[in-house]
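Asker: One-letter residues, chain by chain:
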Amino acid sequence: MNLETLSVSKEGAVLTVEIAAPPMNLLGPELVRDLVSLIKEAEPDEAVKVIVFKSADPDYFIPHVDVTRIKEYRQEAAKLVGEASLALLFRHLSASRLITIAQIEGRVRAAGSEFVLACDMRFAALESAIFGQFEPAFGQLPGGGAAQHLTRLMGRGRALEVMLCAQDYSAELAERYGWINRALPTAILGDFVRSLAHRIAGFPATGHTAVKNRVNAIALAPVEDFRRDSDTFGEAIRGSQAQGRIRDAMSHGFQTREGEMTLARMLGDLDGPSTRF
Amino acid sequence: MNLETLSVSKEGAVLTVEIAAPPMNLLGPELVRDLVSLIKEAEPDEAVKVIVFKSADPDYFIPHVDVTRIKEYRQEAAKLVGEASLALLFRHLSASRLITIAQIEGRVRAAGSEFVLACDMRFAALESAIFGQFEPAFGQLPGGGAAQHLTRLMGRGRALEVMLCAQDYSAELAERYGWINRALPTAILGDFVRSLAHRIAGFPATGHTAVKNRVNAIALAPVEDFRRDSDTFGEAIRGSQAQGRIRDAMSHGFQTREGEMTLARMLGDLDGPSTRF
Amino acid sequence: MNLETLSVSKEGAVLTVEIAAPPMNLLGPELVRDLVSLIKEAEPDEAVKVIVFKSADPDYFIPHVDVTRIKEYRQEAAKLVGEASLALLFRHLSASRLITIAQIEGRVRAAGSEFVLACDMRFAALESAIFGQFEPAFGQLPGGGAAQHLTRLMGRGRALEVMLCAQDYSAELAERYGWINRALPTAILGDFVRSLAHRIAGFPATGHTAVKNRVNAIALAPVEDFRRDSDTFGEAIRGSQAQGRIRDAMSHGFQTREGEMTLARMLGDLDGPSTRF
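Protein chains in written order, with our numbering: chain A, 1 to 277; chain B, 1 to 277; chain C, 1 to 277.
It cannot be assumed that every hint is accurate.
[To be verified] Computed footprint of chain C on chain B, listed as stretches where at least three residues anywhere in the stretch have a Cβ under 8 Å from a Cβ of chain C:
(1) 133–140
(2) 143–154
(3) 157–165
(4) 226–240
[Claimed, not checked] Sample of chain C residues with no beta-carbon within 12 Å of chain A, all distances over it, derived:
(5) P22
(6) Q75
(7) R182
(8) G190
In case anyone wonders, no lab produced these hints; they're calculated from the structure.
The C-beta atom is built at its ideal place from N, Cα and C for all residues, glycine as well.
Generate coordinates for the entire structure from the input sequences, incorporating the hints supplied.
Answerer: If you want it as structure tokens, here you go:
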């Protein structure tokens, strides 16, 4: 595979995919294009059973989409799913016969969180992983499936909290809320995920498919619901309110490595210190 | 607002509502009437985005309904929702555009628990909050939505346990079971909730509405289910079995401040020490 | 009751049922026959309200079905539910008016886990209880309801993990994932369950029925879904892939007390050390 933003290694039936899209792994057209290529190649290849996703950047797994290139990355998604929607690309991954595991260090916010939610399992570094759905700080519904997944994983009260307050959540709290499978010390995370991936890959594919089909029938929302969230996001993000807030955030460091180290605080201060408590 | 049992203060777009219905914050006609007035006034007022509910009584948030005045408080609820049902009043609150946060100290049992379950988020004092659904001790299904919410929040096994055993649950266990968002030390609870409320209120209302609509579409039971639970409760509570057990409980301190400090134990002893293990 | 594999004692309205099917409590025709007899006798007897299930074997609660006698035990199940399906027998128990509590010490894997999932509540010994759904190690979907229950109890990500990796889970982790109500120290487990059972039994049966009906309407999957899982399992287990892996496992100690003490490790090694990481 000739990929610009993903570096892929294969060991047995396990692909390990490292996301490397400097400076901060924003989800833009290049990364989406490469994800599409990866899925298109791996899905029909029966020698591949499990994919582990991790990041080459210790501070950022995927921080969110590139808000300046929404139309472009959506068109890349369409090349796999036939519709210009990241949500449908993510749902495709959830419904795939491939077993996907996210090994999370650094920040996964907004569509980054939605990407790991689309994976079949999520394990995160206790010391460094940070989770957030900050779209409501821009007056937006998360468009890539967070509402679908988080509500089912953590229930109404916690899902409302997470999506309304646009705060950062530690790996420990993310585990307690059900956002991820488990938070593990960084020192053992890699070995744990590698061992799990190879263990699963050692079992027959018929079991994988049967289990995924049955679990998805119960817990994966229908395509229409992902499409509706995606459309709602796509329309609102073009509005003057969202664009105004994004410009304001940009002027405070949004979409920069430095500025997003403490993004949750910055978003809380957008309207000035009068709203800070 | 001219309210007898609620004291309301406004700071920015956040209303803080303190429940003060001595001697123990029973949910009777006065408190329901005031809740209806509050909602009627706040809902169309775009200057209000978030409501925080707390209690003026450190031992009781809301212990349960006044079982001697069921018909009266139901009629107050009808003034907002058109039907004499507390469950439908609570569901109205869940479906409202207003963001509601319960800051819980003291006892929330039966309809008190159902009130906080109807709020969008629940944070409770580690040291003092106590949770219970004791209706089955009177042979009753909880009528205000507990079955709908608890089953979805904590799953079949824990919901059955909680509703069948009529026990008291600490804030720590309530958090572990998903009954509440989080249990926090009393010393920081107030600041945490105030900060959260103002943070959310600082974000655009369009995001609030989009998130609540989507989460409710997934996790808030339909009106019919609340109505059915409400009707089941309303019919059974008038029966001779329930009335007999209520009279018995009354003679042991039910609906008194003192008697309900250890209500769970008292309910377990209603049929005499032979059933105590 | 004249039962070979269950020893039953009655105290008030609580039956305590100890599973004793040496050498390791495999779920075979005798145990299923006795479960059917127990349910047939207890269900119409209004003097019985609660059943506690525990094991006479400290290492094994129920390890799984006897894979050499599937047709036979299914025929025993049919004597209660009219169809040769363990899943439908388990679902019958979940839908029963009887309140069932599993007090778990030792191993509950595969159909053993599914049996306790069918109970209304599950409490497990912190020190000794071990949980697993290892069917996918044989290329199989769990056929007795695990997919239905686990997906609803722990959400998509954790349910996929548990069912795809065929690992052992401690009581502590099982509690964290929502597989069980609570993990408790062995020293207090028995008293806790006994007290809970008698407390519930002391409350009116009308409340039990109302609560179970309402919770089941929300959280217990329909008969068709259990039947489909059961059929999927029944067909695949006869296939050459499953039979080959079962023979292989048998040669490594599967279905023996000794061999299953560390079953999860053995299943990971079935295809040789090359797949071990």
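Asker: Indicate, hint by hint, whether the structure satisfies it.
Answerer: Hint check results:
| no. | hint | result |
| --- | --- | --- |
| 1 | 133–140 | holds (count 6) |
| 2 | 143–154 | holds (count 5) |
| 3 | 157–165 | holds (count 8) |
| 4 | 226–240 | holds (count 3) |
| 5 | P22 | holds, 31 Å |
| 6 | Q75 | holds, 25 Å |
| 7 | R182 | holds, 16 Å |
| 8 | G190 | holds, 29 Å |
In this structure, every one of the numbered hints holds.
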